[in-house]
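Novice: Build out the structure end to end from the sequences listed, making use of the hints.
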Amino acid sequence: MTQQPEILHYAVSVVGKDRPGIVAGVTEGLFNLGCNIADSSCTMLAGEFAMILIVSLKSPFSKTRLIDELKPVCAKMGMTLGVRTLHQDEVARQESDGEICMISVYGADQPGIVYRVTRELAACNVNITDLNTKLIGTPEEPVYVMMLEVALPEGQNAEGVEQLLADLKSELKVEIGVRVVTPVAF
Amino acid sequence: MPVQPILRYPHPVLKKLCHEVKQIDTSIHDLVHDLVDTMHEGPGSVGVAASQIGVTLRVCVVDVSKNRHGKENNHGLLCMINPEITSRSGVATMREGCMSVPDYTGDVERATEISLQFCEPDGTKREIIASGFEAVAIQHEMDHLDGILFLDRVTSIKTGLFRRKNY
Chain H
1 MTQQPEILHY AVSVVGKDRP GIVAGVTEGL FNLGCNIADS SCTMLAGEFA MILIVSLKSP
61 FSKTRLIDEL KPVCAKMGMT LGVRTLHQDE VARQESDGEI CMISVYGADQ PGIVYRVTRE
121 LAACNVNITD LNTKLIGTPE EPVYVMMLEV ALPEGQNAEG VEQLLADLKS ELKVEIGVRV
181 VTPVAF
Chain L
1001 MPVQPILRYP HPVLKKLCHE VKQIDTSIHD LVHDLVDTMH EGPGSVGVAA SQIGVTLRVC
1061 VVDVSKNRHG KENNHGLLCM INPEITSRSG VATMREGCMS VPDYTGDVER ATEISLQFCE
1121 PDGTKREIIA SGFEAVAIQH EMDHLDGILF LDRVTSIKTG LFRRKNY
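Chains as they are written, first to last, in my numbering: chain H, 1 to 186; chain L, 1001 to 1167.
Worth flagging that the hints you see were computed from the coordinates, not collected in a lab. Check each hint, because a few of them may be wrong.
[What the hints assert, rightly or not] Ranges of calculated distance between the beta carbons of each label pair, as one might list FRET restraints:
{"hint": "1", "chain 1": "H", "residue 1": "G177", "chain 2": "L", "residue 2": "G1147", "range": "50 to 60 Å"}
{"hint": "2", "chain 1": "L", "residue 1": "S1156", "chain 2": "H", "residue 2": "N36", "range": "23 to 33 Å"}
{"hint": "3", "chain 1": "L", "residue 1": "E1072", "chain 2": "H", "residue 2": "E175", "range": "27 to 37 Å"}
{"hint": "4", "chain 1": "L", "residue 1": "S1087", "chain 2": "H", "residue 2": "L168", "range": "37 to 47 Å"}
Bear in mind the structure is a predicted one, so any value in this text is a computation, not a measurement. Every residue gets a Cβ at the ideal spot worked out from N, C-alpha and C, and that includes glycine.
Specialist: What follows is the structure, encoded as structure tokens:
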């Protein structure tokens, strides 16, 4: 019986000033190494472009080889590179049986919005799976917008989460809405 | 009637344009039965289109009456031959998944109310107005008849927890 080669996983992050060609440059390096991009999220934050990729490769391979290939590419584009080796038990995704909700929080900008909201959620075991924030409005009247996608623990529902955040909503004078976005399978 | 296996992308039939049913005969009755049985077999499934079981004919079934989103507003089991949407109004976004594209979901915009006409398996022409979740389910299944998957209509790439668990 032939033994299946072990699959190795790495988390790769690349951050730097946005310009055309960053994704092509980084993924060319990965392609040359024979890397699979298993999961990725790349986005522009202010003028910075941020890439986070989970890449997989057949053993034998090393983190050093990955860095040796990508570092010159990133240096040429002025990007910062980070590589982390993932252990096998980190790779499997935890699947939740609970509802998936989108929480929108917005209001006059003030310190601590993200912290105060996420602290309440964490205390109730609500798991954040996606979060993005944006400062909008005018310099005179800055408005903070935060969108969170969360997985609720079993037994919790959207109304429960809304109630959980009700005190905070009046204290911070922000709008907080919770809606269910659990996928429907056809 | 047997439950049929659901084809998964990249099976080429899923991207094919399905043909109009010219004559409703026993083969069409058998196909409808297979679709209904296959729908009932799928966990929480509310619809199946013929192309999903490998038949390129314009036939699909929808039944949202047992689903929490559809139980208040539905037409029960709909067996639709040559369905056509004659008008649509309103827009709403729902996060959709599909048995033919497992482990992936995405936000899709659909009309909230549709008028449609189709043939029943006994040959009767029927016209209905569907709204809400039932309208979404019908549009999803009818897309299959045109070789369109929800991936072709995704408006947001933010996906939830239901992607593959192991890479």
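Novice: Is 50 to 60 Å a correct range for the gap between the Cβ atoms of G177 (chain H) and G1147 (chain L)?
Specialist: violated (37 Å)
Novice: Tell me if the beta carbons of S1087 (chain L) and L168 (chain H) are separated by a distance inside 37 to 47 Å.
Specialist: holds (45 Å)
Novice: Is the hinted range of 27 to 37 Å satisfied by the C-beta distance from E1072 (chain L) to E175 (chain H)?
Specialist: holds (28 Å)
Novice: For the pair S1156 (chain L) and N36 (chain H), does the Cβ-Cβ distance stay inside 23 to 33 Å?
Specialist: Distance hint for S1156 (chain L), N36 (chain H) holds at roughly 24 Å.
Violation of the numbered hints given earlier is confined to hint 1; every other hint is satisfied by the structure.
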